[in-house]
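Novice: Each chain, letter by letter, is given below.
There are 2 protein chains.
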Amino acid sequence: MPHSLSLTAIPGIPLVAPGDGLAKIIHDCALAAGMPLQSGDVLVIAQKIVSKSENQYVDLRSITPSARAHEIAVVVEKDPRFVQAVLSESSDVVRYQKNVLIVAHRIGVVMANAGIDQSNIDHSDDRENILLLPHDPDASAERLRTELFEMCGAQVAIIINDSIGRAWRNGIVGIAIGAAGLTTLHDLRGEPDLFGRRLEVTETATADELASAGSLLQGQGAQGMPVVLVRGFTPPKQDAPRPATALVRDKRIDMFR
Amino acid sequence: MPHSLSLTAIPGIPLVAPGDGLAKIIHDCALAAGMPLQSGDVLVIAQKIVSKSENQYVDLRSITPSARAHEIAVVVEKDPRFVQAVLSESSDVVRYQKNVLIVAHRIGVVMANAGIDQSNIDHSDDRENILLLPHDPDASAERLRTELFEMCGAQVAIIINDSIGRAWRNGIVGIAIGAAGLTTLHDLRGEPDLFGRRLEVTETATADELASAGSLLQGQGAQGMPVVLVRGFTPPKQDAPRPATALVRDKRIDMFR
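Chains as they are written, first to last, in the working numbering: chain V, 649 to 905; chain A, 649 to 905.
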């Protein structure tokens, strides 16, 4: 177990546009801030800038809503084209009511609006853009990790995080939607506790805890700092890396689907 | 927004016993480690040591299970006395099946077994002790905060955290079950985003994110470090303090109860 860790928002990350090389931006900003990346670092990267760099924009005007999208749109009181975009990104509709549309994104995460949102997107031109999650966030994380390694030789771990609502609790928290180079879920079964008993609780969602920690520094609004460097993190045990999809509970064993 | 924060597990916290003055233990250990508490610090304290200091032990042999406890015990395959202890701590049973008993604790938190567990408890004597959550975790946090202020003049914030399972996701994460001296839930409605639009998402569960961050250092097992000092945290906006109960979604508006 680590005894201390630090989290620092990497300063100077510019607004990201489609096609921007995100790994290079992060690498250069970290270097310019006097904190060159090191092996063992964990980078918590806001989903939004990954999506932007991958051009996951969709113009609402290009979408033709289905009958189902129209039906749901009436209930949730949202633009039917937006509802169609949500449905197209989802494997299941979990719940909906006025103002709320909770789905299982096709990557498995249960979240409002399939993680699509319309904030922090430039509407200054005449398009009506929305921004989807990265197509495959685990693959995006792996790619960023590889590119950073090739750039500077550091073996860093990557978490792509987003903020989501939860059952039973108010407020959103950061979770990991993509990850590479670390174990997202630690199986602690069989580890002895302080008195030598076996722990009953089996798994800790380490990557979600890191995602929440990073979220404390990222902010949602005008002072957004989308990349947080976590230094000093030691996993509770050395397991093989697992992607963020390991954090998704299989629908068949989920009591709340 | 802060740009950097550090988390340090305070070394040397001894095993805590009923009646121990937890504030003094934390104060002295922080001082001995060369990191005297300062105003603005956030202490993330594992529920278990608060419960122990408040003698929230119950001897299973003192419990007589109700008919309902017996019924549920057959399904969940747990000791009916343990099930009775869980029911006595709960306002509602949310779900149960083999090995799983999810309830709403009377403080509102939906969690397995009402947060009662049997690990990290000394069974070396002939009692069959289990350990309940603190009776009123927000009050415990407030008391610790006041005692620490009287001891050293520092205005610290306190989070009492526990690790819980979630709907839809694997693995447990730290959440705040008690809090004092900070805003557990930040209302960001009306804050402008990068392009001057109003943010749609309204509330961030800051205290849960801090609780998860602290959990990364606390560990579950033999190297338990139950108190984590967070330094450098600046809340996203200055709101009046709110307790951890503000994080509990009202049952009447919860779609997953």
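One should not assume that every hint holds.
Put simply, identical chains are the same to the list, so a pair is met inside one copy or across any two.
[Claimed, not checked] Here are the simulated DMTMM-like pairs of lysine to aspartate or glutamate, each with C-alpha atoms no more than 20 Å apart in a straight line: (1) Lys885 to Glu851; (2) Lys899 to Glu790; (3) Lys746 to Glu851; (4) Lys746 to Asp902; (5) Lys746 to Glu790; (6) Lys746 to Asp898; (7) Lys746 to Glu719; (8) Lys672 to Glu790; (9) Lys899 to Glu798; (10) Lys885 to Glu719; (11) Lys746 to Asp727.
It is worth saying that the hints were derived from the structure and are not from the lab.
Novice: Could you run down the list of hints and mark each one as holding or not?
Specialist: Quick rundown of the hints versus the structure:
1. Lys885 to Glu851: within (11 Å within a copy, 34 Å between copies)
2. Lys899 to Glu790: neither (25 Å within a copy, 40 Å between copies)
3. Lys746 to Glu851: Intra 35 Å, inter 18 Å, cutoff 20 Å: inter-copy only.
4. Lys746 to Asp902: Only across copies: Lys746 and Asp902 sit 13 Å apart there, 25 Å inside one copy, limit 20 Å.
5. Lys746 to Glu790: For Lys746 and Glu790, the Cα distance exceeds 20 Å both inside one copy (38 Å) and across copies (38 Å).
6. Lys746 to Asp898: between (27 Å within a copy, 17 Å between copies)
7. Lys746 to Glu719: Answer is within: at 12 Å inside a copy they meet the 20 Å cutoff, but 38 Å across does not.
8. Lys672 to Glu790: Close inside one copy (15 Å), not across copies (46 Å); limit 20 Å.
9. Lys899 to Glu798: This pair counts as neither: shortest intra-copy Cα distance 38 Å, inter-copy 51 Å.
10. Lys885 to Glu719: neither (48 Å within a copy, 39 Å between copies)
11. Lys746 to Asp727: Result: close within a single copy only, 12 Å intra versus 43 Å inter.
Hints 2, 5, 9, 10, counting from the list given before, are not met by this structure.
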